[in-house]
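First to last, the sequence lines map onto chains C and P.
Numbering follows numbering that gives the first Met the number 0, with no gaps: position 150 of the first sequence is 149.
Numbering follows numbering that gives the first Met the number 0, with no gaps: position 83 of the second sequence is 82.
Accuracy of the hints is not assured; some may be wrong.
As the list claims (entries may be wrong) - Cross-link-like lysine-lysine pairs, in silico, DSSO-like; alpha carbons within 27 Å at most:
{"hint": "1", "chain 1": "C", "residue 1": "54", "chain 2": "C", "residue 2": "89"}
{"hint": "2", "chain 1": "P", "residue 1": "23", "chain 2": "P", "residue 2": "54"}
{"hint": "3", "chain 1": "P", "residue 1": "77", "chain 2": "P", "residue 2": "46"}
{"hint": "4", "chain 1": "C", "residue 1": "86", "chain 2": "C", "residue 2": "33"}
{"hint": "5", "chain 1": "P", "residue 1": "46", "chain 2": "C", "residue 2": "33"}
{"hint": "6", "chain 1": "C", "residue 1": "145", "chain 2": "C", "residue 2": "54"}
{"hint": "7", "chain 1": "P", "residue 1": "57", "chain 2": "P", "residue 2": "67"}
{"hint": "8", "chain 1": "P", "residue 1": "52", "chain 2": "C", "residue 2": "54"}
{"hint": "9", "chain 1": "P", "residue 1": "46", "chain 2": "P", "residue 2": "67"}
{"hint": "10", "chain 1": "P", "residue 1": "65", "chain 2": "C", "residue 2": "33"}
{"hint": "11", "chain 1": "P", "residue 1": "52", "chain 2": "P", "residue 2": "67"}
{"hint": "12", "chain 1": "C", "residue 1": "33", "chain 2": "C", "residue 2": "54"}
{"hint": "13", "chain 1": "P", "residue 1": "54", "chain 2": "P", "residue 2": "14"}
{"hint": "14", "chain 1": "C", "residue 1": "35", "chain 2": "P", "residue 2": "52"}
{"hint": "15", "chain 1": "C", "residue 1": "54", "chain 2": "C", "residue 2": "35"}
{"hint": "16", "chain 1": "P", "residue 1": "54", "chain 2": "C", "residue 2": "145"}
{"hint": "17", "chain 1": "P", "residue 1": "54", "chain 2": "P", "residue 2": "65"}
{"hint": "18", "chain 1": "P", "residue 1": "77", "chain 2": "P", "residue 2": "65"}
{"hint": "19", "chain 1": "C", "residue 1": "89", "chain 2": "C", "residue 2": "33"}
{"hint": "20", "chain 1": "P", "residue 1": "46", "chain 2": "C", "residue 2": "54"}
{"hint": "21", "chain 1": "P", "residue 1": "54", "chain 2": "C", "residue 2": "86"}
To be clear, the hints were calculated from the coordinates, so they are not data collected in a lab.
Residues per chain are reported as follows:
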Amino acid sequence: MRAGRRNDELVLEFGALEKEILLQTVEIILENYKLKPADLDPRTAAVWYSTRGCKRAGMSEEETREWVDTLYGFKGANALLLERCCKQIKEIEPGKFELAVNLADAASLVTVINDHRLHLAAIHDVGQGDMDMRGWADEEHPPSEKESAMVQIELLGWLIEVILRFTAPEAASWSELLEPPDELA
Amino acid sequence: MAAIETLPEIQEVAKEKIEEAFEKGWNVIVWNDPINLMTYVVFVFMKVLAFTKEKATKHMLEVHQKGKSIVATETREKAELYYQQIQAHGLMVTIEQVQ
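Go ahead and model the full structure; you've got the sequences and the hints to work with.
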């Protein structure tokens, strides 16, 4: 995959396989965004629409309901962007793929991709230990569903890094602020 | 014209509510989680809280290394706004009254 800027657009170029993966991902996110919080997989709802903070803040049931409704509204706004992306991906001629997103929308795209990573982690119970381990131990057998989900989480994480490099270079270069290790200093 | 008299009790409650509304007595706390990328967290802090790159990085590293970071201490209303915006970006966040 390659990324670049063209005027006020972020342009992502993909291969055929990457295109299929992205289309599938966008369709799943879109489907989940349209579901009301109560109809969503409870594991995903617990992450996307967590009310833990509301309880800690002492919000009433009504305030909490309004809170969740507002979050649902945010997802709905991003769903419009996804629908545009989905249409664009489907209209591309076979074998080629280029997704152009307005720079103003790119930040929302990053959040959308991140939401899908959170969803995958929630439904496959991916925790810190899994993320630290990376890859799968037995190369002779096909990866389990959880391992496939972890690969997708990694891949989408890489996509987020690529997009941020073009749309939020300041944030993407935060590691430059770290002091180099002693041996390099 | 006679002055309107208000029950002292009501005056006291109203005063407390006004003070509470303007008091920066609420912490916005971001918690560590294994999925959100460090770069993404810096991006969200810069976007939502208008932090500089340096401040965003400092708080992100605090979340990563210590498990949580107080990213703002605000009035209840402003803290709720930050809470909602940060959660909408997928980070784990809570607000708590300053002890």
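Handout entry: Those earlier numbered hints the structure runs against, lowest number first
Key = 1, 6, 8, 10, 13, 14, 16, 21
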